[in-house]
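Residue numbers (the working numbering), protein chains in the order written: chain B, 3 to 325; chain Y, 3 to 325.
Be aware that one or more of the hints could be misleading.
Treat identical chains as interchangeable: a pair holds within one or across any two.
What the hints assert, rightly or not - Below, a list of computed lysine-lysine pairs in the DSBU-like style, where the Cα atoms sit at most 35 angstroms apart:
(1) Lys114 with Lys296
(2) Lys139 with Lys296
(3) Lys323 with Lys114
(4) Lys323 with Lys139
(5) Lys130 with Lys323
(6) Lys130 with Lys114
(7) Lys125 with Lys114
(8) Lys125 with Lys139
Note that these hints are calculated values from the structure, not bench results.
Protein chains: 2
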Amino acid sequence: MLDYALIHQALTRLSDHRVVTPLLEYPLINEMLGGRVLFKAENLQKTGSFKFRGAFNKIASLEPSQRERGVVAYSSGNHAQGVAAAAQLFSIDATVVMPTDAPLLKRRNTEKLGARLVLYDQKTEDRKAIAEGISAKTGAIIVPPYDDEMVMAGQGTIGIEIVTQLRMSRMEADFLLCPVGGGGLMAGISTVLRSLMPSTQLYCVEPEGFDDTRRSLEQGRRLANHGSAISICDAIITPMPGEMTFPVNLANLDGGFAVEESAIISAVDMLFEMAKLVVEPGGAVGLAALLANKLELQGRTVVIILSGGNMDLGRFRAQFKVL
Amino acid sequence: MLDYALIHQALTRLSDHRVVTPLLEYPLINEMLGGRVLFKAENLQKTGSFKFRGAFNKIASLEPSQRERGVVAYSSGNHAQGVAAAAQLFSIDATVVMPTDAPLLKRRNTEKLGARLVLYDQKTEDRKAIAEGISAKTGAIIVPPYDDEMVMAGQGTIGIEIVTQLRMSRMEADFLLCPVGGGGLMAGISTVLRSLMPSTQLYCVEPEGFDDTRRSLEQGRRLANHGSAISICDAIITPMPGEMTFPVNLANLDGGFAVEESAIISAVDMLFEMAKLVVEPGGAVGLAALLANKLELQGRTVVIILSGGNMDLGRFRAQFKVL
Numbered sequence: 003m004l005d006y007a008l009i010h011q012a013l014t015r016l017s018d019h020r021v022v023t024p025l026l027e028y029p030l031i032n033e034m035l036g037g038r039v040l041f042k043a044e045n046l047q048k049t050g051s052f053k054f055r056g057a058f059n060k061i062a063s064l065e066p067s068q069r070e071r072g073v074v075a076y077s078s079g080n081h082a083q084g085v086a087a088a089a090q091l092f093s094i095d096a097t098v099v100m101p102t103d104a105p106l107l108k109r110r111n112t113e114k115l116g117a118r119l120v121l122y123d124q125k126t127e128d129r130k131a132i133a134e135g136i137s138a139k140t141g142a143i144i145v146p147p148y149d150d151e152m153v154m155a156g157q158g159t160i161g162i163e164i165v166t167q168l169r170m171s172r173m174e175a176d177f178l179l180c181p182v183g184g185g186g187l188m189a190g191i192s193t194v195l196r197s198l199m200p201s202t203q204l205y206c207v208e209p210e211g212f213d214d215t216r217r218s219l220e221q222g223r224r225l226a227n228h229g230s231a232i233s234i235c236d237a238i239i240t241p242m243p244g245e246m247t248f249p250v251n252l253a254n255l256d257g258g259f260a261v262e263e264s265a266i267i268s269a270v271d272m273l274f275e276m277a278k279l280v281v282e283p284g285g286a287v288g289l290a291a292l293l294a295n296k297l298e299l300q301g302r303t304v305v306i307i308l309s310g311g312n313m314d315l316g317r318f319r320a321q322f323k324v325l
Numbered sequence: 003m004l005d006y007a008l009i010h011q012a013l014t015r016l017s018d019h020r021v022v023t024p025l026l027e028y029p030l031i032n033e034m035l036g037g038r039v040l041f042k043a044e045n046l047q048k049t050g051s052f053k054f055r056g057a058f059n060k061i062a063s064l065e066p067s068q069r070e071r072g073v074v075a076y077s078s079g080n081h082a083q084g085v086a087a088a089a090q091l092f093s094i095d096a097t098v099v100m101p102t103d104a105p106l107l108k109r110r111n112t113e114k115l116g117a118r119l120v121l122y123d124q125k126t127e128d129r130k131a132i133a134e135g136i137s138a139k140t141g142a143i144i145v146p147p148y149d150d151e152m153v154m155a156g157q158g159t160i161g162i163e164i165v166t167q168l169r170m171s172r173m174e175a176d177f178l179l180c181p182v183g184g185g186g187l188m189a190g191i192s193t194v195l196r197s198l199m200p201s202t203q204l205y206c207v208e209p210e211g212f213d214d215t216r217r218s219l220e221q222g223r224r225l226a227n228h229g230s231a232i233s234i235c236d237a238i239i240t241p242m243p244g245e246m247t248f249p250v251n252l253a254n255l256d257g258g259f260a261v262e263e264s265a266i267i268s269a270v271d272m273l274f275e276m277a278k279l280v281v282e283p284g285g286a287v288g289l290a291a292l293l294a295n296k297l298e299l300q301g302r303t304v305v306i307i308l309s310g311g312n313m314d315l316g317r318f319r320a321q322f323k324v325l
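Construct the entire structure; sequences and hints are all you get.
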């Protein structure tokens, strides 16, 4: 069961391997937004996103006899790199099923980390079925992107770091905003916060048109996105909340916000100029929610999870216009 | 006298005020460059550069009766913001003499931090004389950009953090590369390293055409730059090594490197894509030196100081072409 003990165990496994990402604060951003804004910079994590934590914890928790069969994963790019880097540390094979239209940087870096790439067409093929086929044939263990206890527990280690960092500065957070795709990061972090800092209000943030978790929280059951929407947030546009992550998030969260693409682009640009951080669109939705006035921040403290920074330089230079 | 004790005293003054910037490592960058590359990310410091440290230490070291008269500084932009932010913390007035062609971001942020701006023409006016005139009239204390013991000691606190961070990971550095303008950052850091980690080889890095410190180290005396060169590294294009900083650097350094603008632009882009960090050209010259093969890194460990990240988004998007 996903609980604080399982997440603390993950932290012990990860201790020498993950980057303790900083919790950063900028006086000019505080002034502009009227409260204290603390950024948990997981874009500075190994492989450029939080995904390394969950992948490493999953692989580390396998029996050696399972592990040596290698691993297989499906991912739009961030989980792919996390799995590849973790597999490399254990010197085992990794295969990643990735869409043909994944950002080039994510594809290139996954290969550089030694993983074998299997490309598929997002519109016509089922990535999970492809991964299960590979697993059946080779015996490789599947490392799911979110619906897995060990993966969720690995992502949850961010929550323990945040609470430790806040306490070292004798602070409490009134709010925490976190990007949500499948919901593994949110499930892990919210489990820690509910246990260690229960007064903090927890909200998930999604792009408009992909606010399946927000709507599902309101209805109390898992709802899918409509297939027609598009978004620049490639990292977090999953079809519906995870089977295992959703009950956790339903129990833990105070609600969710959906943000417009224009606010997301403003957030990415602001993080560049004012925070000196490269954050991909899907990683910047938390700040976008603040820019869109979703929260009454006045005088209060908010933690914003910046979940990843894997963004093609060319796309950023072109201001996310279609190249 | 600038020594370890003075720098340690500065660290005590700064303790609750500065950001302990992370020392970051990226597996893919290591692989590409063939050694361990550790980035000290001072672009994540308050005001986006290391300059806050020296300015704060200087202002904190003043007698209250001096301090209340306010401060005045001259700067192309990073020192300006550092002085403005430190003065704001002490609730005293700050005036900054800044060139009319300073990057917009630097100018805007200095004003946002509550400083009064006095603009001057770099080609025809003497910024130091203007600041001295203001000081004579108002009694404001001058906070020099580098030729000052308290300023150098403040910058040196970075050296203590680096040694602490290396030791926590049971590491030693073979090399350290640091951007140099006036030389205050280099003087402070090198004083710490010579004292605590004497086997580390220390090198300053400058843009071609502004390698006054490199040439001065070779000749053993202060040489000026030729007036005709231009560079995108606005933060570090000082006319000649500092009077007080140069003897320190001459005693401490193993040498210096000059790097081409194209290598500097590559370094800025690489830090964006691979390190998820926004680093201004002058702050990225250390990595540029590695990209230009100035060091034989094979299997060894280098610390690279990323000294600042204050760069206009528009200039970066235009790839530093003249707008």
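Could you tell me which of the hints above the structure violates, numbers in ascending order? The structure conflicts with hints 2, 4, although it agrees with all the remaining ones.
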